[in-house]
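So the protein sequences, as listed, match chains V, Y, P, E, U and W.
One gets our numbering by counting positions in the first sequence from 1 and adding 7 to each.
One gets our numbering by counting positions in the second sequence from 1 and adding 67 to each.
One gets our numbering by counting positions in the third sequence from 1 and adding 171 to each.
One gets our numbering by counting positions in the fourth sequence from 1 and adding 597 to each.
One gets our numbering by counting positions in the fifth sequence from 1 and adding 1329 to each.
One gets our numbering by counting positions in the sixth sequence from 1 and adding 703 to each.
In short, the hints are calculated from the structure, not lab data.
Some hints here could point you the wrong way.
Stated by the list, open to error - SDA-like cross-link-like pairs, simulated, lysine to any residue; straight-line CA separation at most 20 Å: (1) P:Lys205 - U:Asp1725; (2) E:Lys641 - P:Thr236; (3) U:Lys1759 - U:Met1736; (4) U:Lys1584 - V:Gly336; (5) E:Lys694 - E:Ala657; (6) U:Lys1584 - U:His1486; (7) V:Lys15 - W:Arg820; (8) Y:Lys184 - E:Glu753; (9) Y:Lys184 - E:Gln653; (10) V:Lys224 - U:His1340; (11) P:Lys263 - W:Arg728; (12) E:Lys694 - E:Ala665; (13) E:Lys773 - E:Gln761; (14) U:Lys1692 - V:Trp35; (15) U:Lys1759 - W:Gly885; (16) W:Lys871 - W:Asp853; (17) P:Lys262 - W:Glu767; (18) Y:Lys184 - E:Asn656; (19) W:Lys871 - W:His895; (20) U:Lys1528 - U:Val1587; (21) U:Lys1692 - V:Gly336.
To be verified - Label-pair ranges, simulated between beta-carbon atoms: (22) Y:Gly277 - W:Val870: 31 to 41 Å; (23) U:Ala1650 - V:Gly78: 28 to 38 Å; (24) U:Glu1729 - W:Glu767: 19 to 29 Å; (25) W:Ala855 - Y:Gly277: 21 to 31 Å; (26) U:Val1721 - P:Ser294: 40 to 50 Å.
Just so you know, even glycine gets a beta-carbon here, dropped at the ideal spot from N, CA and C.
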Amino acid sequence: MSPPLAPKLIVTASPHVRSQDSTPVIMWNVVGALVPVIAAAAWFFGVSALLVIATATLGALLTERAIGRGGTVADGSAMITGLLLGLSLPAGLPLWMAFLGGAFGIGFGKLVWGGLGQNVFNPALVGRAFLQAAFPVAITTWPVPGGGFWSLKGDLFAFPFTHPSPDAITSATPLGLLKFEGKGTELMHLVFGDTGGSLGETAALVILAGGIFLAIKRYLNWRIPAGILITVALFSAVIHLIDPRRPDALFMLFSGGLMLGAVYMATDLVTSPVTNRGRWLFAVGIGLLVVVIRIWGGLPEGVMYAILFMNALVPFINRATQPRVFGTGGRVAA
Amino acid sequence: MTTTASAPPSGTPAFVPGAPPPASLAADIWRGISRENPVLVQFLGMCPTMAVTNTLANGIAMGVATLFVLVGSGLMVSLFRKYIAHEVRITSYILIIATFVTLADLILAATFPVISKALGPFMPLIVANCLLLGRAEAFAAKVGPLRAVADGFGMGMGFTLSLALLSAIRELLGRGSLLNHDVFGPRFEPWVFMVMPPGGFLTLGIALLGLAFIIEARRRRAERLG
Amino acid sequence: MSNLAWIFVSTLLVNNFTLVMFLGLCSFFGVTAKIETAWRLGLANTFVLLLTAVGAWVLNTYILTQTPFLRTIAFIVVIASGVQIVEMAVKKHFPILFRQLGIYLPLITTNCAILGLALFQTSRHYNLVESLVFAIGAGLGLTLALSLMASIRERIEVADVPVIARRMGLVLVIASCLSMAFMGFAGMGSAP
Amino acid sequence: MTVTHHHGTPAAVTPGKGTPTWRLLLTLALAGAMSGWLVVTVYKVTLPAVREYAAQQANAAVREVLKAPARWDTLYLVNDALTRTAPVKADLADIPKAFVGFDASGKRLGVAVTAAEPGFQELLTLMIGFDPETGTLIGFKVLDQKETPGLGDKIERDTAFGRQFVGRLAPLLGVKGRAGKPPSEVQTITGATISSRAVIRIINHAVARWRPLLEAWDRSGAR
Amino acid sequence: MTRTGFRHGVHPREEKGLTSGLPIRRMPFPDEIVLPLRQHAGNPAKLCVRTGDHVERGDPVGLADGWVSVPVHASAAGTVTDIGWWPHPDGSMAMSVRIAVDRYAPQVARPRRVPRWEGLSTDAVVRAVQDAGVVGLGGAAFPTHVKLAPPPGVTVHTLIINGAECEPYLTSDHRTMAEYPARVLFGIRVMMHAMRVNKCVVGVERNKPDAIAALRQALPSDLDIAILPLTVKYPQGAEKMLIQAVTGIEVPSGKLPVSVGVVVQNVGSVAAIGEVFETGLPLIERIVTVSGHGLRRPANLIVPVGTKLRDLLAFCDGVTADAAEVILGGPMMGQAQANLDAPVLKGTTGVVVLERHETRLDKVYPCIHCGRCLEACPVFLNPSLLGDFARVARWDDMAEQHLADCMLCGSCAYVCPSNIPLAQMFQAGKLALRRARAGTP
Amino acid sequence: MTLLAILILGGVGLAFAVFIAMANRRLWVWEDPRIDVVASMLPNANCGACGLPGCRAFAEQAVEGRVAPSQCTVGSDDAHQAIAGFLGVDAGAAVRRVARLQCAGGSDVAAAQAEYRGLATCAAAAAVAGGGKGCAWGCLGLADCERVCDFAAITMSDNGLPVVDPVKCTACGDCVEACPKGLFTLLPVDYHLLVQCKNLLGGDAVLEQCKVACTACGKCVQDAAPGLIRVASGVAVIDYDFNPQADRHAVERCPTGAIVWLSGAQFARVPALTGSERP
Ligand SMILES: Cc1cc2nc3c(=O)[nH]c(=O)nc-3n(C[C@H](O)[C@H](O)[C@H](O)COP(=O)(O)O)c2cc1C
Ligand SMILES: Cc1cc2nc3c(=O)[nH]c(=O)nc-3n(C[C@H](O)[C@H](O)[C@H](O)COP(=O)(O)O)c2cc1C
Ligand SMILES: Cc1cc2nc3c(=O)[nH]c(=O)nc-3n(C[C@H](O)[C@H](O)[C@H](O)COP(=O)(O)O)c2cc1C
Ligand SMILES: Cc1cc2nc3c(=O)[nH]c(=O)nc-3n(C[C@H](O)[C@H](O)[C@H](O)CO)c2cc1C
Ligand code: SF4
Ligand code: SF4
Ligand code: SF4
Ligand code: SF4
Ligand code: FES
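Given only the sequences and the hints, what does the whole structure look like? Please build it.
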């Protein structure tokens, strides 16, 4: 007298229940949190912004689709890579370069490592570092924000593999102005983003809001952005105190890609440490490097390199900050 | 020669442990180019491979110089192998190699000063290329001069060809030219990345991935066929 | 920046011996499977680099003044024999140290970084103090690169790496990424 | 042709204490001596060509930065003062030198000096020609650089950049994005701002360093 | 940390409402009882009946084989029909005694002497408990008498009673405390007497206020027994977590609780001891929560040990059309059953039937190193790294990463967004290591 | 200048020869002479690709038997052979053994009683209700053994059983250790008699679980030389001490084919599929 049961019982391992969050849910939530940032970029740079971001994303998705292990586009991580890469590019970058960057980031930043979760370096930043090294002039040519929504910036449609024709109106980023011409920028302009720079540099407040949303949902670890921002603020404040010609903390916080990097890139789960102590170390390391490169380095901006460098240290940090196993070490009863 | 399974012979006549099995000269040469290619298979001499392959001319020059040293030192080591005392053999080999490197350096400086300047310290650094000492110890010291020369030539060719391949890719993409001749025309946007250090690593990486891909594809096919 | 500081930072980070200058790559690829091995090799290298800096300086100032074209030969012979003797001495007198460090000594003779150091310090006319700082920077830079590579390789050991990248392909991609990460230091010390 | 397989030395099989000391000494000493002889012979053969090339390069550089002088004198910096004669023992390459150029009429055109400082990537070595009396630049040439190909190496290949310096007054000031105004502004290269600024900095430092030395030399009347 | 909790842990949906209000009911005897000789940790019992024998309810069918072993008793009167391999709930086959229940037997145990605990020495209590076949009812089924006799040289200062019942769905301990507080406290009294312990703490999660109230009401005035409400968090009931919550002490890695002077006993186990000294009956039935959305009529039942799952589920009106997985124990640590012929054991705390959509059939993604598992693991391991090692079968590296400290609580796998079956991998690792250590079979 | 050069290099050479000679006297430490021999057989590239710090370290470990010559990735096959030959003094004396599987219950004959979902490894499945297979002793077919075999000697057949290629198998024992069900045993390659079942259930009950199980009927015991086979707790067991008396009569009356007379690989009639074609 067997009770009516499905044809065959299922046997799975315990635990037989699981929490609500799944990897694709996390990823698509991050994509959602990026939408306002993209909208802000479009507000400042018009349709060019959307074209650059879309092309970078297309490069990432097509590569994932072509050489990934089947069905991995749906998990949303390649989408994030593409969007973040796009957001870190200037509005007038020729689209063929944006596409190449996306493909490179996914191909060499993720798929050769074995796909989602296996990579050590942030794929979006690998793509961007490649573009910066390959086409340093194009990627440091910053169109001025504003103009009509439909007016195209730069030479977006340069034929693949050819130079873009030079754009008449370009501007310098606040950090470039500071480093090369010793000029500061008004804080208001920084906060509201109507300065030259990459697409995602210009909307600090929107980025911060997205970050807070994700942190509350526990999709990103608040320690990393907090650690980075605090370190940058403190360190640059100290330097500013010692040498007032150096920029102050607020300028450092709101200029360049720091917000985007701290909130969306350094927090990449895959390429940041797994322990909380490790996350603090990682964040402080990024903060210090950002300031060091901005102030003493040759390049005006250092967020990308700081994150990549600390990515390389992550396996090391993970090893060094292994949790203390229950019942060992100091707090154990005699 | 057959290697017999016995304890180290003392007094038993001439047994060169580890001596390479007999092979034709052609095989000695071919091995270095293919199955035991120093760059793509053995990963030896990585420093010059990375450092000088930013232009094809440099790559070829380094390859040829290395080939010269391989052949010359192989010949010398083989000729004098009976007279070199065991304890100082490494030092002696290095001395021989260094001599040939210096000769190559001097000759290059006199004939192609521009390339010589571009190669800079990587020319004398050939001495430290593990490939040379490795071949001297493992091959030249155990065979006759003809075979030593053949092996040196094969290894040198393998090295030169690999360097030429890598440097051609790097120069083509990084400068749009080959041997300084414009290939893609003036509109081409060069990928500066390729001639910089990460580009060097990546180019070799891509070459290895390609090689592995071909090998894997072949293996798959062979498996499918039976 | 003062000259000594620049030499140090430059060799450690900006022009890292391994990742930017391409010296000592054979052990960078060959001996970085385990982090323990890697950093020990790095330390052993640093030690030999220091000895080499002194040795090369002595040769340059006292012996090779008239015959600079003999440098390569003289340097390498001194390095090779010196390493051989150090190896024997350590093996005899400090067998434990030998187990841990000495076994890497043969690898060091054929390490370009050692000869490269001697050649670079000569071509840049470094004095003794500068040479020593140069050697320390180079040695630590080497150790840093080796350890980073090893820690990343230990991680990818458990990753699901595609078949074609498994042997060396991925290792070179890692080297490329590391080298890109070090590009952030470029220009350090030359800023306005 | 048959390839015979050689059965090698017993020395390879029985290692350790076997070899007598004199053979060790002989091996290395002989090998060293032979190598020395070989290298010297080739050195002697190649020396003229190498020397000639080096001299040619140096001459070309001086000629370029001083705008084709008729002849020039070489001054050596020894113990913080200039002399006409080099100390005997030292390696000539190591001593800082100033090349004083004259036109056909014997009028001093200017002085060429070399200087090296960090650029974007590595040391940047320049030869700089200037008039020590006014500090006016005559020209400069990049002797050695390891800047990024396609970017930083424009300081060497971008002729418009090089031409700006002619006639400008040191100390120079680099400006961005607009034409530099005489007498002392030069425009930096887009994408190679750092390298351009390094050139400017090296020139400024070199002129500042050598002008007093040359003035002292002039005053000493050795001229 | 507060005294009533521990660090890390997870909050799975409780689902206890299905049965927490249902009073305990008795299940009638089934037609057949199957008694595996291996129901407890330690040596399996030694068979002492033959095919064809008649047994009365409470008669032993297997005897204790050594110190860490207990007898197995018939839970119903009937005839031994077969002795052979039978599906065991752990998935293997086990030597079992099959008894055809005598439908007309009065099912009263043979008259026996109820031991009078007051006068008994420790040894006598221990022997009585062993003879009654009492094992831990908290799940591990460790012979309880072993814990009553701490090894020489260690003194036990606190007896902790585990009433946490942190597993979702399960309410058997809850109902026991709420309905039989006197029996629980009597069991505690016997244990404290036998072990010469003066202090006892009963830890109960705060989500069982009626149980706490019932126990408090029945507290005797002559004993130092405290009822301690605990934070509601999984795995609050795990021995080491409970000890930390109650005493603040971390039991050293690799050591037993006795090493810090504490013995932990499940509420059901003390109730069973109480029953031994009240009625003289050995452990032949236990309280089982039968629950889950896949079951038609959830219940808390007194079930004869050896009842087949098939009969138990049928008694609860069977399962729903979508039911797919039957779990013995709670959903966090329980074992899925492949064969419903497997019987209820002494250590079976509950039976949970899940519907198909509730099971973990979702896609498994690679580890994204989010670190959630590290924040969940109550013993502070690095499950992410352990999982990486397990995937490539590097068991020795896992051992180096303290695999031995993992108690397979499943918190890591519960939170893993990539749905990686971490706990399963760790169990496989433990088994592989044990195999390697034992030498190959 | 020529003289100077000769003097300098000759002098440097001489000086270091003296040092080395002295060092050789003073610092010499005894070592197994075979280490030098093996070291000289290695490529001496000191590349470190083997994971050991240099060729000499490799030689040391090879002499101590801690690495196999073939682990030197740079060396040629011939060199590996030569070293193996040089060190393997007693190689060739032992009888070659191969791994044999004591289960024939492929998915076609042995039914699953539940649907196992989860990690596709035998080790993991074995921990979950025995993997859902009806027979609690049988092969789970999730190929842990195939993955662990470094010599690619194991391929999974399409009914989910590992087939060992007796030519490739080196009797390394890795599969024996990997199998959570303990189904592999290493037997001399010329032992023909094998019981391919470990199910302890006897009689017809076992046939519900697997059609090729041993029913412990005892016919093989009767047909074989005395002592060679016995039935112990529900399954026939061969005492290989009596293997010389084995002949193929023993397998002829087996009602299920659980006992087999092997020549070459097991399950020879089952075509082995390649990795890529398996579902
Ligand atoms: C890979 C790479 C190489 C670079 N190489 C040089 C260089 O050789 N010289 C230089 O001045 N700047 C170099 N830069 C610096 C940037 O191009 C920098 O943004 C630029 O100097 C600033 O000039 P801009 O404000 O005119 O764009 C390099 C940057 C990157 C990313
Ligand atoms: C080999 C072994 C020996 C044990 N010995 C004792 C003991 O001497 N005293 C004791 O109180 N508990 C002892 N225990 C029981 C444990 O403390 C623990 O209660 C038991 O493993 C079940 O715990 P769990 O349900 O949390 O897994 C022992 C357990 C094992 C596995
Ligand atoms: C993760 C985990 C959770 C547990 N949860 C409980 C629980 O909620 N209630 C309980 O009584 N025992 C629980 N246990 C078992 C206890 O650790 C311990 O074995 C038991 O309380 C000892 O009492 P016993 O021997 O009387 O069963 C749990 C064990 C583990 C490993
Ligand atoms: C909070 C968060 C931040 C992320 N940031 C990045 C990023 O900066 N770059 C990127 O390529 N992918 C990012 N991803 C996506 C994903 O983790 C990444 O592609 C993996 O590195 C791929 O293995 C992010 C994901 C999350 C959840
Ligand atoms: S199953 Fe093990 S590793 Fe996972 S949380 Fe529990 S104790 Fe930690
Ligand atoms: S919870 Fe899962 S995905 Fe996150 S680190 Fe742990 S194993 Fe990896
Ligand atoms: S793992 Fe070893 S014993 Fe098993 S089949 Fe492969 S080679 Fe044979
Ligand atoms: S023989 Fe063992 S390891 Fe191999 S597939 Fe079967 S159960 Fe798995
Ligand atoms: S070639 Fe540079 S270390 Fe081998």
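A quick look at each hint next to the structure:
1. For the hint linking P:Lys205 to U:Asp1725, the alpha-carbon distance of about 16 Å falls within 20 Å, and the restraint holds.
2. Between E:Lys641 and P:Thr236 the alpha-carbon distance is near 17 Å, which keeps this suggested pair within the 20 Å criterion.
3. For a cut-off of 20 Å, the pair hint linking U:Lys1759 to U:Met1736 stands: about 10 Å separates their Cα positions.
4. In summary, the hint linking U:Lys1584 to V:Gly336 is supported, as the alpha carbons are separated by about 14 Å, within the 20 Å threshold.
5. A hinted pair counts as satisfied when its Cα atoms are at most 20 Å apart, and E:Lys694 with E:Ala657 qualifies at roughly 16 Å.
6. About 17 Å separates the Cα atoms of U:Lys1584 and U:His1486, which keeps this hinted pair within 20 Å; it holds.
7. A hinted pair counts as satisfied when its Cα atoms are at most 20 Å apart, and V:Lys15 with W:Arg820 qualifies at roughly 12 Å.
8. For the suggested pair Y:Lys184 and E:Glu753, the alpha carbons sit about 16 Å apart, so the restraint of at most 20 Å is met.
9. For the proposed pair Y:Lys184 and E:Gln653, the alpha carbon gap of about 14 Å is at most 20 Å, so the pair holds.
10. Proposed proximity of V:Lys224 and U:His1340 is supported: the alpha carbons are some 16 Å apart, at most 20 Å.
11. Of the supplied pair hints, the one linking P:Lys263 and W:Arg728 holds, its CA atoms being roughly 12 Å apart against a limit of 20 Å.
12. Taken as a hint, the E:Lys694 and E:Ala665 pair is honoured in the structure, with Cα atoms around 18 Å apart against an allowance of 20 Å.
13. For the suggested pair E:Lys773 and E:Gln761, the alpha carbons sit about 14 Å apart, so the restraint of at most 20 Å is met.
14. Proposed proximity of U:Lys1692 and V:Trp35 is supported: the alpha carbons are some 16 Å apart, at most 20 Å.
15. With a C-alpha separation of about 16 Å, the suggested pairing of U:Lys1759 with W:Gly885 holds against the 20 Å cut-off.
16. A hinted pair counts as satisfied when its Cα atoms are at most 20 Å apart, and W:Lys871 with W:Asp853 qualifies at roughly 10 Å.
17. Note on P:Lys262 and W:Glu767: the hinted pairing holds, with a Cα-Cα distance of about 19 Å set against a maximum of 20 Å.
18. Taking the CA atoms of Y:Lys184 and E:Asn656, the gap is about 17 Å. The hint holds against a cut of 20 Å.
19. Proximity of W:Lys871 to W:His895 is assessed by CA-CA distance (about 18 Å); at most 20 Å being required, the pair is judged to hold.
20. Distance hint between U:Lys1528 and U:Val1587 is fulfilled; the C-alpha atoms sit about 14 Å from each other, no more than 20 Å.
21. Between U:Lys1692 and V:Gly336, the direct Cα distance comes to roughly 38 Å. Violation of the 20 Å bound is thereby established for this hinted pair.
22. The hinted window of 31 to 41 Å between Y:Gly277 and W:Val870 holds, with their beta carbons roughly 33 Å apart.
23. Distance hint for U:Ala1650 and V:Gly78: a CB-CB separation of about 31 Å, consistent with the stated range 28 to 38 Å.
24. Checked against the hint of 19 to 29 Å, the pair U:Glu1729 and W:Glu767 passes, with Cβ atoms roughly 24 Å apart.
25. With their beta carbons about 24 Å apart, W:Ala855 and Y:Gly277 fall inside the hinted range of 21 to 31 Å.
26. Judged by the Cβ atoms, the range 40 to 50 Å given for U:Val1721 and P:Ser294 holds: they are separated by roughly 47 Å.
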